[in-house]
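K.L.:
For reference, the chains in residue letters:
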Amino acid sequence: EDKVVQSPLSLVVHEGDTVTLNCSYEVTNFRSLLWYKQEKKAPTFLFMLTSSGIEKKSGRLSSILDKKELFSILNITATQTGDSAVYLCAVVGNYGQNFVFGPGTRLSVLP
Amino acid sequence: GAGVSQSPSNKVTEKGKDVELRCDPISGHTALYWYRQSLGQGLEFLIYFQGNSAPDKSGLPSDRFSAERTGGSVSTLTIQRTQQEDSAVYLCASSLQREWYEQYFGPGTRLTVT
Numbered sequence: 001e002d003k004v005v006q007s008p009l010s011l012v013v014h015e016g017d018t019v020t021l022n023c024s025y026e027v028t029n030f031r032s033l034l035w036y037k038q039e040k041k042a043p044t045f046l047f048m049l050t051s052s053g054i055e056k057k058s059g060r061l062s063s064i065l066d067k068k069e070l071f072s073i074l075n076i077t078a079t080q081t082g083d084s085a086v087y088l089c090a091v092v093g094n095y096g097q098n099f100v101f102g103p104g105t106r107l108s109v110l111p
Numbered sequence: 112g113a114g115v116s117q118s119p120s121n122k123v124t125e126k127g128k129d130v131e132l133r134c135d136p137i138s139g140h141t142a143l144y145w146y147r148q149s150l151g152q153g154l155e156f157l158i159y160f161q162g163n164s165a166p167d168k169s170g171l172p173s174d175r176f177s178a179e180r181t182g183g184s185v186s187t188l189t190i191q192r193t194q195q196e197d198s199a200v201y202l203c204a205s206s207l208q209r210e211w212y213e214q215y216f217g218p219g220t221r222l223t224v225t
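Protein chains in written order, with this note's numbering: chain V, 1 to 111; chain R, 112 to 225.
It should be emphasised that the hints constitute simulated quantities derived from the structure, not laboratory data.
All figures in this text were calculated on a predicted structure; none of them were measured in a lab.
There may be inaccurate statements among the hints.
Quick look at which bits of chain R chain V covers, simulated, 3 or more residues with Cβ under 8 Å [unchecked claim]:
#1 152-160
#2 163-172
#3 209-218
Glycine included, each C-beta is placed from N, C-alpha and C at the ideal position.
If we strip away everything but chain V, and leave its shape as in the complex, we get (with noise of 0.2 Å):
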């Protein structure tokens, strides 16, 4: 069965701190990995990472994907009260458009 594991599930910091999050998956056939922000109730798209190895940016968020390892890290640096959300991670597999979502990180940042 598809599985995404997010860790830590929650984490709070003061502005300006660095924060890395993390996702582990298990996926037959592995598409891609994707990862979201939630602030309210709408999931906003952040980045699509399909290939390991390859850094994809933007702005203060970065993220980068381990295809051998299965895993992927989300960055974040000089955290801003605007970046506390629910991050959400998921993976696709080839087969269908079923994203399976792991349970998000909820990232609180404190002035």
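Given the coordinates of chain V, work out where chain R should sit on it, guided by the hints.
P.N.:
Relative to the frame of chain V, chain R by itself:
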């Protein structure tokens, strides 16, 4: 342009009643997904529509759940004989086929079964 819309935003129903949840995807998006998110949990995939292809229903938890998509646009998720464990936020998302990974989510419908 308008994003994904869902209605109603909140629905309270009695156990045993049927409910219908509606999703209006972004115009031109051929892919449409339904997810369920229980309190404090991640998103649970329910069903996926892509164009005129047969839907992927592999995530539907029981035969009380069904969904249809009319004219390749609006979708309705129906839950028959609701149970308390059906209480959750139901999220709809849509995407372009070529950018299938970039799902745009609606605000969700919070369903409470009493």
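K.L.:
Determine for every hint whether it applies to the structure shown.
P.N.:
Verification of the hints:
no.: 1; hint: 152-160; in the structure: holds (count 6)
no.: 2; hint: 163-172; in the structure: holds (count 3)
no.: 3; hint: 209-218; in the structure: holds (count 8)
When each numbered hint is compared with the structure, no violation occurs for any of them.
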